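**Q** Based on the hints, put chain B in the right spot on chain Y.
In order, the protein sequences belong to chains Y and B. All the letters of the first sequence, read from the start, carry residue numbers 1 to 450 under this note's numbering. All the letters of the second sequence, read from the start, carry residue numbers 1 to 450 under this note's numbering.
Don't read these hints as lab results, they were simulated from the structure. Nothing here was measured: the structure is a model prediction, and the numbers come from that model. Check the hints yourself; a few may be wrong.
Treat identical chains as interchangeable: a pair holds within one or across any two.
In the SDA-like style, the derived pairs of lysine to any residue whose C-alpha atoms are separated by at most 25 Å in a straight line are [as the list claims (entries may be wrong)]: (1) Lys312 with Thr202; (2) Lys312 with Thr342; (3) Lys312 with Asp46; (4) Lys387 with Leu366; (5) Lys110 with His425; (6) Lys335 with Arg11; (7) Lys335 with Thr313; (8) Lys312 with Glu54.
Number of protein chains: 2
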Amino acid sequence: MDPAAYLAAHREEQLAALFALLSIPSVSTEPERAPDVRRAANHLADFMRGIGLEHVDLYETGGHPVVYGDHLHAPGRPTVLVYGHYDVQPPDPLALWDTPPFEPTVRDGKIYARGATDDKGQMMMHLFVAQGMIAQGDLQVNLRFLIEGEEEIGSANLAPFVASHKALLAADYVVVSDTSMLREGVPALCVGLRGMCGAEFTLRTAEHDLHSGLFGGAVPNAAHELASLIATLHRPDGSVAVEGFYDGVRELTPAERDQFDRLGFSDEEFLAQSGAFALFGESGRTTLERVWTRPTLEVNGMWSGFLGEGRKTVIPSEAHAKITCRLVPDQDPAKVAAALETHLRRHAPAWVQLEIATGAGDGGYLAEPGHPALAAARSALRAAYGKDPDEIRMGGSIPVVTMFRGLLGLPTLLMGFGLPDENLHAPNEHFSLENFSKGMVALWHFYQSA
Amino acid sequence: MDPAAYLAAHREEQLAALFALLSIPSVSTEPERAPDVRRAANHLADFMRGIGLEHVDLYETGGHPVVYGDHLHAPGRPTVLVYGHYDVQPPDPLALWDTPPFEPTVRDGKIYARGATDDKGQMMMHLFVAQGMIAQGDLQVNLRFLIEGEEEIGSANLAPFVASHKALLAADYVVVSDTSMLREGVPALCVGLRGMCGAEFTLRTAEHDLHSGLFGGAVPNAAHELASLIATLHRPDGSVAVEGFYDGVRELTPAERDQFDRLGFSDEEFLAQSGAFALFGESGRTTLERVWTRPTLEVNGMWSGFLGEGRKTVIPSEAHAKITCRLVPDQDPAKVAAALETHLRRHAPAWVQLEIATGAGDGGYLAEPGHPALAAARSALRAAYGKDPDEIRMGGSIPVVTMFRGLLGLPTLLMGFGLPDENLHAPNEHFSLENFSKGMVALWHFYQSA
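For reference, chain Y alone in the conformation it holds in the complex (with noise of 0.2 Å):
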């Protein structure tokens, strides 16, 4: 049977297995939730063990754990190890969802649910063609499946699991679909990674809050101050003023500048996409160089005071913020933290206490362009397409390829089927069910000619 024939036949058990996942709220980043998180992976294990794969198994982690599951019968021919995530973004605001997190549901040709699309559909698709492939004794590849539960904060526990692991992990090459196609109709293969680092930070000013009327005018107000430190972080051109922050940073190349401008990028569909009221950066900069080739600081939250009903007379004596950096390749991670951390350092007046914590960062991920699983990847989605993919970079990080190349020596290839607009990270998170068909028609093509 035509491979995708035989995908749409099984459409309805498929989104029946995906839902089945998405409405287990793992989400990584609360604490509470962890039962979630463990069910997500005992669930998925079950899933796997299910459609044929064999070794299937949970491992323990200092956290969430990893499930692993492997289908090694095509000897002579090549290993691939196909990472995804199962764990998910927390889903607030939860009052600005059209309909529930946890209950998936279609609408207008979407899959609606928290991780739809990031990363439980994705990742999902990668099992259904192996559910396909095994079934139609069409599996002419070796694969072996790593999927974490802590991607949504950090990863902390997978490389220590994989550096442990190597014999069960070996393989040619790393496939990953958790990235986005840069418009509707065209596929996209993913050449670029920003990587990221990031601190948090607590400002204090007095023991405790104090009356506004009993002591206000004549005592510093740390909202004030962390505000005011907030602000030295950027120039009104939009640059970092951290000092150091752009050391190393590689300024596009003309051919790179060239293959970017013939990607018919919009800058009023990125507008319309992204839901802000305007566009904002460096300036001097593109778009696309301002989300694929520049290092950005962002505040990612930040608080201070009386954040309930009504007024409360306060002077507050804490603020908080937490502050992440997208990285660019041969920027260092480390130094860029420690160079944000002398920055804030340096513009907190004499009274102000600080409490700096910079976690671990990544540096950011070029491929190499001359890889044949990027040859066959190409081949594959312009058979599932009918177009050639987009060759595009990602602003956002994948921690992992990083990790990969640096403990397994392997090269990641980073196929991903999601839209820019999918809302991942935000409310009404969704995923097109265009891209679930066609996407899983590409990894059937792409499996046999890897």
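**A** Chain B alone, transformed into the frame defined by chain Y:
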């Protein structure tokens, strides 16, 4: 009999009556305590009837009842409206009390109980003095008592009550004992209060939060915009940068400045009391000027983006801030709020959507220097304490003072007997027995000469 001797001879019955009221947990902020609040009101009314007050009654409001009683048998003499409140703050955290908050006890010359100083203790002093003066046939002034049960929750129902009972409350001026002395042993008259106005706003840069990998570097970040906007509100010298903010603010006269200097105020003590890591305010101003005579603008709370545990790489689309300003006499609260709104709109970039709500405000208060009640109070305090009273101000607001001026056209005499370290609104609230006794002697003299 001499007032001091009479009052001392009745000390035991005064303490018994006060303790009975202090034992009732009339916590107005906790809805489940409503029956206790009402019990306190009834108890108080019974006590007022018992000492010979007339027309004693509970008046229902939209919330907790008002207790009223009077003694109007001094034709041709002034009528004094005594205001106080029988409700108290919550006692939490209970674990920090040395003795239970609603089991009043005397230790080291202090009455320990929730409400001891704020305001049951101070309010009952007026009733004990009235009791003694009536018993001695010595009450030569007309007294009206207005004791409310919602002071700790903002007195929302008091203004409507006062507005609809103007005849019942007709008087020459108001007396309130709900403020503190500046230092032990020296009585005080409070002649100035700050007013207040405020604004709460929401700032939006996009329809929803955005993924910092996909969009970071190319769209605005609401947290950055909020920080930049908050940072424009003050100048580096600590002054408020809002145009028109200081319109109408009076400079201290040399005489007022001298009087401030004589108060023996210590920055070191103030800093130690505050728990702040440093003093900070408008440069070129003393601490007393800053908290008593200068308007302030404080962010009481602000937040944006992800506030949970861990990392979430969002670009926040919304940010919120709550601001209140402490105002001084001759500032117009509505104008200051409007100036703040104008400032926020002027300093926000075009792509930022701002939703601003400014609430009702209160002007500051300065006593009329030549008012006869002020002179009578000075003499009475001198007679009781053997010392001239400090003429002080308060950085906080007492909204009823503005309300009495607005609705009844009456000035308010603020003659308080608390001390600054008596833990009002905190565990181990207490009230000095010395000020309880001397204060009653002062009130007796005051009512004789008023």
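**Q** Please flag the earlier hints that this structure goes against, numbers listed from lowest up.
**A** 3, 6, 8
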